[in-house]
Amino acid sequence: MADEKLEIDWGNDKLFKAQKQIEENQYDLEAWSLLVREAQGKWIDDVRPLFEKLVSTFPSTGRYWKIYIEQEMKARHFEKVEKLFQRCLMKVLNIDLWKLYLAYVKETKSILPSYKEKMAQAYDFALDKIGMDIQSYAIWNDYVNFLKAVEAVGSYAENQKISAVRKVYQRGVVNPMVNIEQFWKDYMSFEQNINPIIAEKMAMERSRDYMNARRVTKEFEAVTRGSLEPEKSVEIWNRFLEFESNIGDLASIVKVEKRRSAVLEQIKEFEGKETAQLVDRYKFQYLYPCSAAELKSIGYNEVAKTSVKSFHPLSSGVLLETEEETNHIPRPDFSQMIPFKPKAQAVPGDHPVPGGIFPHPPAVAQLCTLLPPPDCFHGPFVSVDSIMDIFNKIQLPDTPPLPSGDNDNDVKLFDLAKSIHWIVDDSQDGSISVPPNLNTQKRRRRALNDRSMMDDSEDDDLAGAPPVNDIYRARQQKRVK
Numbered sequence: 001m002a003d004e005k006l007e008i009d010w011g012n013d014k015l016f017k018a019q020k021q022i023e024e025n026q027y028d029l030e031a032w033s034l035l036v037r038e039a040q041g042k043w044i045d046d047v048r049p050l051f052e053k054l055v056s057t058f059p060s061t062g063r064y065w066k067i068y069i070e071q072e073m074k075a076r077h078f079e080k081v082e083k084l085f086q087r088c089l090m091k092v093l094n095i096d097l098w099k100l101y102l103a104y105v106k107e108t109k110s111i112l113p114s115y116k117e118k119m120a121q122a123y124d125f126a127l128d129k130i131g132m133d134i135q136s137y138a139i140w141n142d143y144v145n146f147l148k149a150v151e152a153v154g155s156y157a158e159n160q161k162i163s164a165v166r167k168v169y170q171r172g173v174v175n176p177m178v179n180i181e182q183f184w185k186d187y188m189s190f191e192q193n194i195n196p197i198i199a200e201k202m203a204m205e206r207s208r209d210y211m212n213a214r215r216v217t218k219e220f221e222a223v224t225r226g227s228l229e230p231e232k233s234v235e236i237w238n239r240f241l242e243f244e245s246n247i248g249d250l251a252s253i254v255k256v257e258k259r260r261s262a263v264l265e266q267i268k269e270f271e272g273k274e275t276a277q278l279v280d281r282y283k284f285q286y287l288y289p290c291s292a293a294e295l296k297s298i299g300y301n302e303v304a305k306t307s308v309k310s311f312h313p314l315s316s317g318v319l320l321e322t323e324e325e326t327n328h329i330p331r332p333d334f335s336q337m338i339p340f341k342p343k344a345q346a347v348p349g350d351h352p353v354p355g356g357i358f359p360h361p362p363a364v365a366q367l368c369t370l371l372p373p374p375d376c377f378h379g380p381f382v383s384v385d386s387i388m389d390i391f392n393k394i395q396l397p398d399t400p401p402l403p404s405g406d407n408d409n410d411v412k413l414f415d416l417a418k419s420i421h422w423i424v425d426d427s428q429d430g431s432i433s434v435p436p437n438l439n440t441q442k443r444r445r446r447a448l449n450d451r452s453m454m455d456d457s458e459d460d461d462l463a464g465a466p467p468v469n470d471i472y473r474a475r476q477q478k479r480v481k
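Under UniProt numbering, the first residue of the sequence shown is numbered 1, with each subsequent residue one higher.
Honestly, the hints are just simulated from the structure, not real lab data. Hints should not be assumed to be uniformly reliable.
[Unchecked claim] For each label pair, taking beta carbons as the anchor points, the in silico distance ranges come out as:
#, residue 1, residue 2, range
1, Ser56, Ser297, 57 to 63 Å
2, Asn12, Pro113, 45 to 51 Å
3, Ser56, Asp209, 51 to 57 Å
[Claimed, not checked] DSS-like cross-link-like pairs, simulated, lysine-lysine; straight-line CA separation at most 30 Å:
#, residue 1, residue 2
4, Lys42, Lys66
5, Lys161, Lys129
6, Lys118, Lys99
7, Lys116, Lys83
8, Lys74, Lys106
9, Lys109, Lys129
Built from N, CA and C at the ideal position, the CB exists for glycine as well.
Build out the structure end to end from the sequences listed, making use of the hints.
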C-alpha cells in the first residue's frame with residue numbers, strides 16, 4: 001500500500017502539490033499534515049487509501065492510528081474499527097490510542113446486558129498492557145470511578161464491589177506514574193470511609209511500596225525534564241534563540257522566547273527584568289529595537305553580562321559604542337525579500353510568511369481604494385453576460401453629431417463679442433493688451449457707446465411704463481399726481 005500512488009481529487013493545487021511531494025518523499029511530515037488535516041473533513045470512503053498509506057508509512061505512530069480510527073467511528077463502521085484496533089493496539093502502546101479503545105468499548109457495548117463485565121475486562125486488558133506508562137493515571141482513575149459507579153444490591157455484592165475497588169487502588173499506588181500522590185490520597189480516603197481501623201493497617205502495609213513508586217516517579221521526571229540545571233542552561237537557550245532569530249519566523253522566535261522565559265523565572269538574577277528579555281526577540285545581530293541609553297535603563301546590559309558571557313557581544317559592542325562596530329552595520333539579504341502585506345484574518349498558505357498576503361500592484365491598489373469593498377453589496381447582482389450583449393448591440397456613429405446652435409442665448413451678445421478683438425500679450429504673464437491702432441480704438445469706442453445707449457433706452461422704457469402687476473410703483477405714481 002505504501003508504494004501505490006494516491007489518486008484523490010482534492011480540488012486544490014496546494015493539496016495536489018503535497019500529494020506529489022509524498023510520492024517523491026513518503027516521510028515528508030509537512031505534506032502529510034496538510035493532507036491529513038484536509039482528509040478529516042471528507043467522507044472516510046473517499047480518503048481511506050490516504051489513511052492506509054499513512055499508517056503503513058508510520059506504523060508505530062499512535063497519533064495517526066487514532067485519527068484513522070476516529071474517522072471510521074464517525075462513519076459508524078464498527079467492523080473496520082475493530083479490525084484496526086486488532087492491527088495496532090498490541091504494537092503501538094500509546095496512551096491516547098488506548099483511551100480511544102476504552103471509549104469505543106463504552107459506546108458500543110453500553111446496550112448489552114453484560115456491559116459491566118465487558119467494560120471491566122477492557123479496563124483490565126488496558127492496564128495489563130499500558131498500565132506501567134508514566135502517563136497512565138487517567139486510565140487508573142477512570143477504572144476506579146467506573147467500579148464505584150456500579151450499583152450493588154445486597155451485602156455480598158457490596159463487599160465484592162469494595163474488594164474490586166481496593167484491588168485496583170492497591171495495584172495503582174505501587175505503579176510509578178504522574179499524579180501518584182493524588183491517587184494515594186484517594187485510596188486513603190476510600191479506606192477511611194469504609195473502616196478507619198482497616199485504613200490504618202492498609203496504610204502501614206502499602207506506604208513503603210508507595211514511597212518507592214513515588215521516588216521512581218520523581219527520578220523519571222527529573223530525567224525527562226532535563227539534565228541541566230536552570231543556571232547552566234541559560235547559555236543554551238540564548239544560542240537557541242539567536243539561531244531562531246536569524247533563520248526562523250516570528251512565531252518560532254516567540255515560542256523559543258517563552259520557553260526561555262520559563263527557565264529564567266527560576267533564577268534570581270533575572271527577577272523583574274522581563275522587559276529586558278524581550279529585546280532578544282526583535283534584535284538582529286547588532287541591530288536593536290532601542291537605543292543604548294534605553295537598553296541601559298531597562299537593565300539589558302546587566303542581563304547580557306549575567307546570561308551571555310561567551311555569546312552576546314552587547315556589553316562590548318553596542319553599549320560601549322566602539323568605532324569598529326559602529327561602522328559595521330549588518331544589512332539584510334535583499335535577494336530573499338518578497339512583498340508582504342499584513343492582514344487581520346489571513347488564510348494559512350496565502351503567503352510564505354504567516355499573517356499576511358501578497359500586496360496588489362500600485363495601479364490595482366489605487367483602483368481598490370476607489371471601489372467599495374466586496375462584502376458591502378448583498379445583491380441582486382448584475383448579469384455580466386446580459387449587459388455585455390447589450391453593449392455589443394449598441395451601434396455608435398462614426399462622426400459626432402454637429403451642434404444645433406439653439407442654446408437659449410441672445411444672438412446680439414455673440415455679435416457684440418465678435419466686434420471686439422482682444423489680443424493676449426505673452427510677455428506680461430497672460431495680461432490682455434490692445435495694440436496702438438486707431439481703427440481698433442474707434443471701433444471699440446463705437447461699440448461701447450452703442451452699448452451705453454442701449455442700456456439707457458432700456459432704463460427709460462422701464463421707468464416710463466411700470467408693469468401691470470407692479471402695485472408699489474402704481475401707488476407711487478398716484479401720489480406724485
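Checklist entry - Straight-line Cα separation of Lys42 and Lys66 no greater than 30 Å? => result holds, 16 Å
Checklist entry - So does Ser56 sit 51 to 57 Å from Asp209, Cβ to Cβ? => result Taking Cβ atoms as reference, Ser56 and Asp209 lie about 43 Å apart, which means the hint is violated.
Item to check | Hinted pair Lys116 and Lys83, Cα distance within 30 Å | outcome: holds, 23 Å
Checklist entry - Is the hinted range of 45 to 51 Å satisfied by the C-beta distance from Asn12 to Pro113? => result Holds, since Asn12 and Pro113 (Cβ atoms, about 49 Å apart) stay within the stated range.
Checklist entry - Given the proposed pairing of Lys74 with Lys106, does the C-alpha separation stay at or below 30 Å? => result Judged against 30 Å, a Cα distance of about 15 Å means the pair holds.
Checklist entry - Regarding the pair Lys161 and Lys129, is the alpha-carbon distance no greater than 30 Å? => result holds, 24 Å
Item to check | Cβ distance range 57 to 63 Å for Ser56 and Ser297, holds or violated | outcome: holds, 60 Å
Item to check | 30 Å limit on alpha-carbon distance, applied to hinted pair Lys109 and Lys129 | outcome: holds, 21 Å
Item to check | Straight-line alpha-carbon gap Lys118 to Lys99, limit 30 Å | outcome: Distance of about 15 Å is within 30 Å: holds.
Checked against the numbered hints given earlier, this structure breaks only hint 3.
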